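Dock chain B against chain A, hints included.
These protein sequence lines are chains A and B, in that order.
Residue 411 in numbering that gives the first Met the number 0 is what sits at position 412 of the first sequence, and the numbering runs on without skipping anything.
Residue 63 in numbering that gives the first Met the number 0 is what sits at position 64 of the second sequence, and the numbering runs on without skipping anything.
Calculated from the structure, these hints are not laboratory results.
Being a predicted model, the structure only gives us computed values, none of them experimental.
Take the hints with a grain of salt, since some may be wrong.
As the list claims (entries may be wrong) - In silico lysine to any residue, SDA-like type, Cα no more than 25 Å apart, as pairs:
no. : chain 1 : residue 1 : chain 2 : residue 2
1   : B       : K42       : A       : M561
2   : A       : K121      : B       : L30
3   : A       : K121      : B       : M37
4   : A       : K121      : B       : A31
5   : A       : K298      : B       : C68
6   : A       : K317      : B       : V146
7   : A       : K366      : A       : D255
Said to hold, decoys possible - DEER-style ranges, computed between Cβ atoms:
no. : chain 1 : residue 1 : chain 2 : residue 2 : range
8   : B       : T17       : A       : S123      : 42 to 50 Å
9   : B       : N41       : A       : A197      : 46 to 54 Å
10  : B       : E54       : A       : L119      : 46 to 54 Å
11  : B       : R143      : A       : K298      : 46 to 54 Å
12  : B       : S26       : A       : D506      : 23 to 31 Å
13  : A       : P193      : B       : E54       : 27 to 35 Å
14  : B       : S26       : A       : G504      : 49 to 57 Å
15  : B       : L30       : A       : E349      : 55 to 63 Å
16  : B       : L30       : A       : R496      : 44 to 52 Å
C-beta: ideal position from N, C-alpha, C; glycine also.
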Amino acid sequence: MGETVENTAFNIEYKPRTGSEAMCEALLDEGVEFLFGYPGGAIMPFYDALPDYPLKHVLVRHEQAAAHAADGYARATGRVGVCIATSGPGATNIVTGLATAQMDSVPLVAITGQVGRPALGKDSFQETNVMGMTLPFTKHSFLVEDPDELYPTVRRAFEIARSGRPGPVLVDVPKDVQFAACNDNGYRRLREFPQPPAGPSLEAAAALLRKAKKPLILAGHGVTLSGAEMELRLLAERTGTPVVATLLGISSFPEDHPLYIGWPGMHGSASVNRAIDESDLLFAVGMRFDDRITGAVNKFAQNAKVVHIDVDPSELGKVIRPTVGVAADAKLALRGILGHFEETGDDCAEQRSQWREEIAKSQEPEKRREEEARSKYGPIRIMDAIKTIAGDEVRLVTDVGQHQMWAAQFFEFTKQNSHITSGGLGTMGFALPAAMGVAFAYPDEPVWVVAGDGGFQMNIQELATIRDFGLNIKVAILNNGYLGMVRQWQQFFHNRRYSETPITGPDYEKFAASYGLAGKTVREGDDVEAAIQWAQDQKGCTILDFHIDPEANVFPMIPSGMSVKEMIEESESSAAYGGA
Amino acid sequence: MAGHNTPRHATGLRPEATLNPVEVRISGGMLALNRFLMTLQNKRMPVASFTVGREGDSEAMRATILLDCPPEAARRYTTLLSALEDVQEAEAAAETMEVALLKVGGEAWREAATRAGIVAHEENGTVVASGATREMAAWLAGIREDVEDVVRLGPVARPTGEA
Numbered sequence: 000m001g002e003t004v005e006n007t008a009f010n011i012e013y014k015p016r017t018g019s020e021a022m023c024e025a026l027l028d029e030g031v032e033f034l035f036g037y038p039g040g041a042i043m044p045f046y047d048a049l050p051d052y053p054l055k056h057v058l059v060r061h062e063q064a065a066a067h068a069a070d071g072y073a074r075a076t077g078r079v080g081v082c083i084a085t086s087g088p089g090a091t092n093i094v095t096g097l098a099t100a101q102m103d104s105v106p107l108v109a110i111t112g113q114v115g116r117p118a119l120g121k122d123s124f125q126e127t128n129v130m131g132m133t134l135p136f137t138k139h140s141f142l143v144e145d146p147d148e149l150y151p152t153v154r155r156a157f158e159i160a161r162s163g164r165p166g167p168v169l170v171d172v173p174k175d176v177q178f179a180a181c182n183d184n185g186y187r188r189l190r191e192f193p194q195p196p197a198g199p200s201l202e203a204a205a206a207l208l209r210k211a212k213k214p215l216i217l218a219g220h221g222v223t224l225s226g227a228e229m230e231l232r233l234l235a236e237r238t239g240t241p242v243v244a245t246l247l248g249i250s251s252f253p254e255d256h257p258l259y260i261g262w263p264g265m266h267g268s269a270s271v272n273r274a275i276d277e278s279d280l281l282f283a284v285g286m287r288f289d290d291r292i293t294g295a296v297n298k299f300a301q302n303a304k305v306v307h308i309d310v311d312p313s314e315l316g317k318v319i320r321p322t323v324g325v326a327a328d329a330k331l332a333l334r335g336i337l338g339h340f341e342e343t344g345d346d347c348a349e350q351r352s353q354w355r356e357e358i359a360k361s362q363e364p365e366k367r368r369e370e371e372a373r374s375k376y377g378p379i380r381i382m383d384a385i386k387t388i389a390g391d392e393v394r395l396v397t398d399v400g401q402h403q404m405w406a407a408q409f410f411e412f413t414k415q416n417s418h419i420t421s422g423g424l425g426t427m428g429f430a431l432p433a434a435m436g437v438a439f440a441y442p443d444e445p446v447w448v449v450a451g452d453g454g455f456q457m458n459i460q461e462l463a464t465i466r467d468f469g470l471n472i473k474v475a476i477l478n479n480g481y482l483g484m485v486r487q488w489q490q491f492f493h494n495r496r497y498s499e500t501p502i503t504g505p506d507y508e509k510f511a512a513s514y515g516l517a518g519k520t521v522r523e524g525d526d527v528e529a530a531i532q533w534a535q536d537q538k539g540c541t542i543l544d545f546h547i548d549p550e551a552n553v554f555p556m557i558p559s560g561m562s563v564k565e566m567i568e569e570s571e572s573s574a575a576y577g578g579a
Numbered sequence: 000m001a002g003h004n005t006p007r008h009a010t011g012l013r014p015e016a017t018l019n020p021v022e023v024r025i026s027g028g029m030l031a032l033n034r035f036l037m038t039l040q041n042k043r044m045p046v047a048s049f050t051v052g053r054e055g056d057s058e059a060m061r062a063t064i065l066l067d068c069p070p071e072a073a074r075r076y077t078t079l080l081s082a083l084e085d086v087q088e089a090e091a092a093a094e095t096m097e098v099a100l101l102k103v104g105g106e107a108w109r110e111a112a113t114r115a116g117i118v119a120h121e122e123n124g125t126v127v128a129s130g131a132t133r134e135m136a137a138w139l140a141g142i143r144e145d146v147e148d149v150v151r152l153g154p155v156a157r158p159t160g161e162a
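With the rest of the complex left out, here is chain A (with noise of 0.2 Å):
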């Protein structure tokens, strides 16, 4: 039982009695309003705290979808995520989300449950070392043994989480640390304002772009992350300069906007990979040359310089050696060098011209064929029908795999962050958990989830998590009976010997009644506005089940290692895009 103390964040008064309650309090205190989880026996204590505050728990249906749930909440609303399991089991259930949230560096805090202190190193029952099996994925980890430290350490936790480049925080609490008294709850919150980036590289910058040519802006999740949404807008207008979004910038950037020129890498449009390789300098903003992006690095944008801008500063030569690095955040990076752009006053967007003249000439073959393929029963026409149908409001969770391509390719993201998806990690199984997170953070905003039929399996229990929360989630399985991706290479690069990818899957219609839920199957010949309208309409969580082309692919795609010159465009016998 401790004595009275100030909770110097807030200035309030508090009397935490337990370990759990100090950990409730320091949820409270960082102005959490959603966990994820699932209890179990290690976890007991504080979820016995646990109903005498006012958190709202949702209780998942399975640990990795807490982590992905969280995951997406977090990623939806720049806040940190909260998840919580138990100890053994529960805890490696939840490595897959914390290695998807640190590879796309999402800010999450996940609690576990520990055996209590006399059991650890013993092989007790549903003992495990997840400190030690998440280290590599984790940007930090706490095995709490003093609970004294329970609070502050929470609340360091969470300061851990999103400061920097975020990342998601592991705080272990042995069960009877969260039975034991607290004495000593203070904690003094280190606000930790980005530094603004140095002048002369900001100078050297701007100097570049000035400079350039045939420049290009390749915006990343850093944009999205330091919300410089604004500010690289601002950019690309003042100084004419067509912009590329990473597979998680994407929705950083109007799509509609004229300076938009799509997305770049393995599945990127050809016209985009083949503007890098013309480029004479890449802009890079929160991003980090990922190797879906790059292939074979040293054939990649041979004729840029680069400038790289990264809040991590040691991504910075990483994999790319920028002529300029700017390590810094990049909402405060890109509003220095808007100001050297107001300051000269000079008009390089006109110069720019031509540069955008001949990328718009090698998009027309695209263009050409993608508005084939939107009259036909397909990907592209699903996509489209979604955007028309559920507004521009619409947030977009996809799984990974074809579709996932498909929706970056096809779908029109114009509504800032309204893309989610596991870009690192490609965690199959994402979606769904993680539409629940964002349906949790917007309500009334409409969800849509775009996901195959393998990935959906892989979290499908969390339609009853769905049903019980009554989310409006609305799903779209594009089921063509493979773990599609793996199938298509396949059909590249194994001679088309399909080992072990035809999948199968329940009535997906008769699987959402027995959930309480409303699905439809739809197929060629169908009619795909009124099913998506149908959809629309319903109240709550409701599923389709698109019956697609089965060898439908992804084009245009460069093997893997390989560059633009090596980019397949056509398929010899398969439907590109799904009925084309």
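Here is chain B on its own, set in the frame of chain A:
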């Protein structure tokens, strides 16, 4: 008797290699050290040598790493390490020295040490020697006939203020 963590240039494996010494102060005990080592492995840092010891009387640890890569890459790795929560400080070390413990027959080692610039003394039958890594390697090679056993503790950054 050189251990697997002996720097490459000291063993003559790759005399041309650029070894960049980095000194790191770590707090947080074994868990922190575990995380630190995991980061070295996870990021595939080109570690030619890793030596760790306790810093003074405190619980903090001090590690000296030799990174076998261009200086620019070493700076990037140092930045990455310095961002770890448990790392109090990470910086390029100006100079490293090596400590070795030996069981030696005879007394020839004394004169050889003086000639090689190695500081050495005997303590309870164990010779404690310190000096620059290259000189240490040369000295050990010169007296190898007399050496019964040797433990090389690896290169460490010289304590601050000591040239």
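Hints and how they fare:
1. For the proposed pair K42 (chain B) and M561 (chain A), the alpha carbon gap of about 23 Å is at most 25 Å, so the pair holds.
2. Proximity of K121 (chain A) to L30 (chain B) is assessed by CA-CA distance (about 18 Å); at most 25 Å being required, the pair is judged to hold.
3. A hinted pair counts as satisfied when its Cα atoms are at most 25 Å apart, and K121 (chain A) with M37 (chain B) qualifies at roughly 24 Å.
4. Between K121 (chain A) and A31 (chain B) the CA atoms are separated by roughly 21 Å; this keeps the pair inside 25 Å, and the hint holds.
5. Between K298 (chain A) and C68 (chain B) the alpha-carbon distance is near 22 Å, which keeps this suggested pair within the 25 Å criterion.
6. Among the hinted pairs, K317 (chain A) with V146 (chain B) is inconsistent with the structure: their alpha-carbon atoms are about 44 Å apart, more than 25 Å.
7. As the CA atoms of K366 (chain A) and D255 (chain A) are separated by approximately 14 Å, the hinted pair is consistent with the 25 Å bound.
8. The beta-carbon spacing between T17 (chain B) and S123 (chain A), approximately 48 Å, falls within the hinted interval of 42 to 50 Å.
9. Remark: the range hint 46 to 54 Å for N41 (chain B) to A197 (chain A) is contradicted by a beta-carbon distance near 30 Å.
10. Hint check: E54 (chain B) to L119 (chain A), Cβ distance near 27 Å, so the stated range 46 to 54 Å is violated.
11. Distance hint check for R143 (chain B) and K298 (chain A): the Cβ-Cβ separation is about 50 Å, which falls inside the suggested range of 46 to 54 Å.
12. Our hint of 23 to 31 Å for S26 (chain B) and D506 (chain A) is violated, since their Cβ atoms are close to 57 Å apart.
13. As the Cβ distance of P193 (chain A) to E54 (chain B) is approximately 31 Å, the hint placing it in 27 to 35 Å holds.
14. Against the hinted window of 49 to 57 Å, the Cβ-Cβ separation of S26 (chain B) and G504 (chain A) comes to about 51 Å, which satisfies the hint.
15. The beta-carbon spacing between L30 (chain B) and E349 (chain A), approximately 58 Å, falls within the hinted interval of 55 to 63 Å.
16. Restraint check, L30 (chain B) to R496 (chain A): a C-beta distance of roughly 46 Å satisfies the suggested window 44 to 52 Å.
Violated hints, in rising order: 6, 9, 10, 12; the structure is consistent with all others.
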